[in-house]
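We have chain G already, so just place chain V on it with the hints.
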Amino acid sequence: MTPAYPKLKPSHVYGVAKVEMSLFNQRQDVKYYQVELFDLGFNSVPFSTTYRIMKVDYKERKDFEVYIRRSDLGNPLYLCTISKVVKPRSSSPLISSRICSKVMEKAK
Amino acid sequence: MKYLAIPLIALASPALAGSVDIVGNVEAKCVIQTDKSGVYGNPTASTLSTSPSDGGVLPVVRFDVAIADYYTANITHPSSFSSSPALTDSVAWTGSTSVSKTSDAGMSGYDSAKIVYDNTTVFDLTVAGSTWFSTSSTATYAASKPFTGGTYTAVVQAECIAK
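Chains G and V are the protein sequences, given in the same order.
Heads up, the first sequence is in the working numbering, so the first residue is 795 and it goes up one at a time.
Heads up, the second sequence is in the working numbering, so the first residue is 5 and it goes up one at a time.
Note that these hints are calculated values from the structure, not bench results.
Be aware that one or more of the hints could be misleading.
Claimed, not checked - In silico DSBU-like pairs for lysine-lysine, Cα to Cα no more than 35 Å straight-line:
#	chain 1	residue 1	chain 2	residue 2
1	G	Lys900	V	Lys149
2	G	Lys900	V	Lys167
3	G	Lys812	V	Lys149
4	V	Lys118	G	Lys900
5	G	Lys878	G	Lys849
6	V	Lys118	G	Lys849
7	G	Lys900	G	Lys881
Stated by the list, open to error - Simulated restraints on C-beta separations:
#	chain 1	residue 1	chain 2	residue 2	range
8	V	Tyr121	G	Val880	47 to 53 Å
9	V	Asp25	G	Pro870	34 to 40 Å
10	G	Val880	V	Thr152	21 to 27 Å
11	G	Leu802	V	Ser94	45 to 51 Å
12	V	Ala72	G	Tyr845	31 to 37 Å
13	V	Ala72	G	Val807	34 to 40 Å
14	V	Ile71	G	Ile847	27 to 33 Å
15	G	Pro840	V	Lys105	29 to 35 Å
16	G	Leu802	V	Gly28	39 to 45 Å
17	G	Tyr845	V	Trp136	30 to 36 Å
18	G	Met898	V	Pro47	44 to 50 Å
Stated by the list, open to error - Covered stretches of chain V (chain G as the covering partner; in silico rule of three or more C-beta atoms under 8 Å from a C-beta of chain G):
#	stretch
19	44 to 53
20	80 to 87
21	105 to 116
22	158 to 165
Beta carbons: idealized from backbone N, C-alpha and C, even for Gly.
So here's chain G without its partners, still in its complex pose (with noise of 0.2 Å):
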């Protein structure tokens, strides 16, 4: 997922920032991620976009966009996505993959 520090920009609603992503699936046995936004302690924190959880095949790209309450982001965030794993036939262990984005007032 990119970028690493996203840039916040006004959106059309009063007090709600934009951030513009994008996600790359470079996971074979992965189709559907999903969209969260956690405080530095990893504690949810309310944002809106248009697909929680979106389909993304192998090798394709797809760009999202995160709208953030201002009054939110006086420390930093942390815009992640979550892979979501299907349940095996077989006894194994899944992997279950996560990638962060820092969401800062002013990007590095």
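Here is chain V on its own, set in the frame of chain G:
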């Protein structure tokens, strides 16, 4: 004949030669890929283990970072089954994560510099390139009871967190 020569001269003119720019942008990014899916071996009735000596396969995840020092890799080995047959007693879990392969000699210090807390191992990705991490996981059923027959699944969580 002179009329035929005019379009030929025009075609040879450098003003008609097209050029297409290719623009690239290297930015900080982290990519996680599953290099090898793990398998639990069942060396004794009360043990499930990913260790190759127990008949298991270690899961391996690959982290690619484009620019150095932007991310940490946090890998958590399982502490419960995400799906299993009904179990009436507790399960004891152990596990660890280590570097199994690197694309750059500068990553050789990752294992010695790793931080372990609870079930999570944190690696500071201070060098650009690819790193492969393997995670071991062992589940032992309480009081050496045999595991109930069925399929057991647990989740290794691989996270790439911007610093």
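Hint check results:
no., hint, result
1, G:Lys900 - V:Lys149, "violated (56 Å)"
2, G:Lys900 - V:Lys167, "holds (14 Å)"
3, G:Lys812 - V:Lys149, "violated (54 Å)"
4, V:Lys118 - G:Lys900, "holds (29 Å)"
5, G:Lys878 - G:Lys849, "holds (10 Å)"
6, V:Lys118 - G:Lys849, "holds (34 Å)"
7, G:Lys900 - G:Lys881, "violated (40 Å)"
8, V:Tyr121 - G:Val880: 47 to 53 Å, "violated (29 Å)"
9, V:Asp25 - G:Pro870: 34 to 40 Å, "holds (36 Å)"
10, G:Val880 - V:Thr152: 21 to 27 Å, "holds (23 Å)"
11, G:Leu802 - V:Ser94: 45 to 51 Å, "holds (47 Å)"
12, V:Ala72 - G:Tyr845: 31 to 37 Å, "holds (33 Å)"
13, V:Ala72 - G:Val807: 34 to 40 Å, "holds (37 Å)"
14, V:Ile71 - G:Ile847: 27 to 33 Å, "holds (29 Å)"
15, G:Pro840 - V:Lys105: 29 to 35 Å, "violated (41 Å)"
16, G:Leu802 - V:Gly28: 39 to 45 Å, "violated (25 Å)"
17, G:Tyr845 - V:Trp136: 30 to 36 Å, "holds (32 Å)"
18, G:Met898 - V:Pro47: 44 to 50 Å, "holds (49 Å)"
19, 44 to 53, "holds (count 3)"
20, 80 to 87, "holds (count 3)"
21, 105 to 116, "violated (count 0)"
22, 158 to 165, "holds (count 8)"
Violated hints for the displayed structure, listed by number in ascending order: 1, 3, 7, 8, 15, 16, 21.
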